[in-house]
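Q: Chains as they are written, first to last, in our numbering: chain A, 1 to 484; chain B, 1001 to 1452; chain C, 2001 to 2132.
Worth flagging that the hints you see were computed from the coordinates, not collected in a lab. Glycine is no exception: its CB is placed at the ideal position from the N, C-alpha and C atoms. A couple of the hints might just be wrong.
[Unchecked claim] Facing chain B, a subset of chain C residues (Cβ under 10 Å, in silico):
#, residue
1, Leu-2021
2, Pro-2059
3, Glu-2074
4, Val-2079
5, Met-2094
6, Ser-2126
7, Asp-2130
[What the hints assert, rightly or not] Straight line, CA to CA, 16 Å or less: simulated EDC-like cross-link-like pairs of lysine to aspartate or glutamate:
#, chain 1, residue 1, chain 2, residue 2
8, B, Lys-1151, A, Glu-236
9, B, Lys-1412, B, Glu-1422
10, B, Lys-1042, B, Asp-1094
11, B, Lys-1074, B, Asp-1328
12, B, Lys-1074, C, Glu-2083
13, B, Lys-1417, B, Asp-1395
14, B, Lys-1412, B, Glu-1450
15, B, Lys-1222, C, Glu-2019
16, B, Lys-1417, B, Glu-1441
17, B, Lys-1042, B, Asp-1088
18, B, Lys-1151, A, Asp-302
19, B, Lys-1412, B, Asp-1395
20, A, Lys-254, A, Asp-322
21, B, Lys-1151, B, Glu-1251
22, B, Lys-1417, C, Glu-2019
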Amino acid sequence: MAETFDIAIVGAGITGCAIARQLARYDLSICVVEAANDIALGASKANGGLVHAGYDPAPGTVKAQVNARGCELYGTWAQELGFLFRRTGSMVLGFNDEDRAHLEQLRSNGLVNGVPELSIVGPDRIHELEPRASADATCALWCPSTGFVDPFEVAIAALENAVANGVTFMRSAPVEAIEVAGSGDDARFTLATPASNVRCRYLINAAGNGAADISHMAGAEEFQMVWRQGNIVVLEKEPRTLMPLYPVPTPVSKGVIVTGTVHGNTVITATAAVREPGDTQTYAADVNALLTGAHKLVPDLDTRRVVRAFAGGRPVIQGTNDFFIGQSAVVPGLFQAAGIQSPGVASAPAIAERMELVMREAGVALRERADWNPIRHAPDDFDRTPLARKEELIESDPAWGQIVCRCETVPEAEIVAAIRRRPGAVSVEGVKRRCRAGMGRCQSGFCQSRVVAILARELGCDPSEVLLEDTGSWLVEGPLKGVR
Amino acid sequence: MAKFKSSAIDCGVVEAVQTQAFDVVVIGGGPAGMAAALAAHKAGARVAIVEREQHLGGILRQCIHPGFGLSHFKQELTGPEYAQRFIDQVHATDIALFLNSMVIGIDSGEPAEDTAVHTVTLMSPTGMLQLTGRAVVLAMGCRERTRSEIKIPGSRPAGMFTAGLAQRYINIENLKPGSRAVILGSGDIGLIMARRCTLEGISVEGVYELMPYANGLRRNVKNCLDDFGIPLHLSTTVTRVIGHDRVEAVEVSQVDERLASIAGTERIVPCDTLLLSVGLIPENELSVAAGVELDPRTRGAVVDQSLQTGVPGIFACGNVLHVHDLADNVTTESERAGAAAAAYALGGGAETNAVADTSCELTVSPAGIAGYALPGRITAVALTKLNFRVRRPVDTARVRILANGEEVFAGKVRAFKPSVMESFPLPAKVIQRALDLGASEIVLSVDPVEEA
Amino acid sequence: MSTNVTETLQFNCTTCPSECLLTVEVEHDANGTVVEVRSVTGNNCPRGDTFAHQELTCPMRVLTTTVAVSGGDEALLPVRTAEAIPLELHAQAMNLIRGLVVNAPIRMGDVVLEDLLDTNIDLVASMDIDPA
Chain A
1 MAETFDIAIV GAGITGCAIA RQLARYDLSI CVVEAANDIA LGASKANGGL
51 VHAGYDPAPG TVKAQVNARG CELYGTWAQE LGFLFRRTGS MVLGFNDEDR
101 AHLEQLRSNG LVNGVPELSI VGPDRIHELE PRASADATCA LWCPSTGFVD
151 PFEVAIAALE NAVANGVTFM RSAPVEAIEV AGSGDDARFT LATPASNVRC
201 RYLINAAGNG AADISHMAGA EEFQMVWRQG NIVVLEKEPR TLMPLYPVPT
251 PVSKGVIVTG TVHGNTVITA TAAVREPGDT QTYAADVNAL LTGAHKLVPD
301 LDTRRVVRAF AGGRPVIQGT NDFFIGQSAV VPGLFQAAGI QSPGVASAPA
351 IAERMELVMR EAGVALRERA DWNPIRHAPD DFDRTPLARK EELIESDPAW
401 GQIVCRCETV PEAEIVAAIR RRPGAVSVEG VKRRCRAGMG RCQSGFCQSR
451 VVAILARELG CDPSEVLLED TGSWLVEGPL KGVR
Chain B
1001 MAKFKSSAID CGVVEAVQTQ AFDVVVIGGG PAGMAAALAA HKAGARVAIV
1051 EREQHLGGIL RQCIHPGFGL SHFKQELTGP EYAQRFIDQV HATDIALFLN
1101 SMVIGIDSGE PAEDTAVHTV TLMSPTGMLQ LTGRAVVLAM GCRERTRSEI
1151 KIPGSRPAGM FTAGLAQRYI NIENLKPGSR AVILGSGDIG LIMARRCTLE
1201 GISVEGVYEL MPYANGLRRN VKNCLDDFGI PLHLSTTVTR VIGHDRVEAV
1251 EVSQVDERLA SIAGTERIVP CDTLLLSVGL IPENELSVAA GVELDPRTRG
1301 AVVDQSLQTG VPGIFACGNV LHVHDLADNV TTESERAGAA AAAYALGGGA
1351 ETNAVADTSC ELTVSPAGIA GYALPGRITA VALTKLNFRV RRPVDTARVR
1401 ILANGEEVFA GKVRAFKPSV MESFPLPAKV IQRALDLGAS EIVLSVDPVE
1451 EA
Chain C
2001 MSTNVTETLQ FNCTTCPSEC LLTVEVEHDA NGTVVEVRSV TGNNCPRGDT
2051 FAHQELTCPM RVLTTTVAVS GGDEALLPVR TAEAIPLELH AQAMNLIRGL
2101 VVNAPIRMGD VVLEDLLDTN IDLVASMDID PA
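Extracted from the complex, chain A is given alone in its bound form:
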């Protein structure tokens, strides 16, 4: 049994979700096919959440074209999709004359790339913009358009909006084979997944670290992915959220960046080392490098207060440092959004916009739907809700007054909402990504067993079937007592 769609998008990372949301406005049937059991579990997961401004990529590259535009679009996207976005501005700190020359270079890059309002500032202005920036910094590239988001929230919001506009989401559906029929066929591609097959006329490859495999299965461009692994550290919340502070970049990465997050934590991101594909382990040397690098930018940072350290792979196409966005030259009808490494989050809305343009130029019929709704209402975030609204919520349902996660003040009703939304959470981590239960300083020590109970109740399963994340990540076995 196979369902047929106009378009299948492989990969529910931030790229695939953004494309789904962009195309949902047209009269097309769309299916997002995801290997994992939830949204943004691959490269999008291992990310510091920065919306880089776009002065970094070499002019003329695809990255250069989509980064600054993506950063610009975030304002509208955040408004329409109801996710948190803070445009704080950022500084690249320089400590000597050599650094200053680099900053000048970045600034002229930025001008070519269309990044607004870049300027080089001196120590007084640095201190004024971010009092905690190192006093040793002699100069900085001040970039007012930089910001940050919660990458999970962006991907989830985009896909929720797409689904609300009729897009189908298939989870736990890893594509194992792709059959390609003649180019005129309405169902040119058949994707084989363990659950069922998906047929489609156009195929969009947004498979992140799996993009080379998808391209290969479809008989399209052959390329190799390099797993450029990054370790990231999250620190406890600060009384005042830090502005993103960058060091002068190296040829392969932006270096160790310190930034605030939309939730008020501080993030140190990220190391860059080529490792075995799939390696999401953290390494002591990497974590130490992050803490050392962070201290250079923010000397008074309390790096003992680590909430979490994690790691993931950026999907880099071997032989190029650029994105690959366009129709396949080998298999028409297949559209590639591959090699979306850094700055993938910052670029996501513009990648979606560019994909739309590429498809239009390729002759895909894009007819606007009358009933498209660009607005997605964010679920109630109890902790951020004004007191009066809190009272209203509790009055409407006592479960709003039942705090489950005490570190992040998440009530039971918020967790239930995270599970019941479409697409909803199906795991403990999925709940955490949607409403932050378990994201705080105790890292779910107090609330995990309660979240497990709520998931079991809502999903209609036994606690022993509740997963931390994906298949195989069981948390508990059965009961100990009252059994023979």
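Put chains B and C on the given structure of chain A with help from the hints.
A: Just chains B and C, lined up with the frame of chain A:
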């Protein structure tokens, strides 16, 4: 110090919220909160307890093992029995109970009109509520240190639990957290859980301890490990977590005297569960939001001899103040805090100590191998109970009290262990002597001495 | 001719928080059975002496665990043996307790199981459990 203002309490719309008035509002219904409330009640105060769970008792409800009550009740009780005795006492009074209620803020962060009254804002499934009291007792307990805080590298699969979470699964939820466990940390909870797991059919591959000595009480090493033949590996720690979805193994390594892992000593221990018992941290986010200054050593409030914090009328006791190893000590300390809070509330905010002397203002600092000293401030010339903990075990050492570099007191030579929270009575005359010397600080130093 | 061996053991007394380190001289026969506890030193009170003798002949421990609850506001009831029972019986006792179910309400001290494994010691509730 920076004030951390929770987003939850930053709006001024409070007039709609119902208010109830008390003399003393106790935050936390565990052993500390109950003892403080009972003492305040006994002193004649109108008392309220706010507890986030639906029952009183706190963490003792899941500490089902014996070892409680030996000093307070002169008999060995289990944690739930120890708690139940206090629960029964509380129920026998008119102490107001706000269960299933989460405190979301103390005072508004803005200076109140009546500065002598504190406001505690709480929420529950029935709505929001404000309690006022001239005195507030902080008794929120502590949380467990996590894997991230001790920076164990490797993957992040299911099957890593803090010991307390595993204890909750086993003792409260009736769920088995795994079949084959490794325990990191020989603190009391880790040791207790080694026995609990074994009795419940979860095999314990070993307990690993970074330090060259066990961190828990001797009785627990004996009754929880030795009784069951569970090996304790000292100077060894977990250096990598292995397994993508569920824990499959951990890598353990020996450490040198600087606690750095020694290359070449790595060993893979197959298991499906890793329990972490690597320390407790007082839960002071509410206190900080209320403007209470913390001691970076204890991560609890800086208090004076009556357990009053730097914010007048706010007192602290139990594990939110400093981590205790025995509930009995929590009870004793909390009774003092409760009595002092009642005296403060009923005395109209005046001095709580009969012999308080406005000219007495001393800070107390640790030195030598003492990791901390409590109270951090002394404002009265009276017999004062000092608490401290040593950072490493020594067979022969003595407590010395120094003022202006002069030794004003020396204790007897004896052994000290980091697992034991020590207490030491500081005579009034020693405090007076420090003042006579013109000191503004007294130093509690624990110094190892050579054996004769 | 005696094949008995005398050895010196060290362990902590766990009767009270002082945890005195006891040094015990004990005589075993060829099978390892204790023939005589010859001396106990290191104890600060007479309870240490009693403890050492008991520990070397038949170590006794209070067993604490849980029992499934039906109709209560908690899933499990914490229980204890009213007095210490032989340590060697703990595993057997756990097997017996695993299948038990008690009905709420329950009060601390209620007997959950009388005369556990013929020890003359009852298994009792450690806490109150109210009906759900």
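Q: Okay, which hints does this one fail, numbers in order?
A: 16
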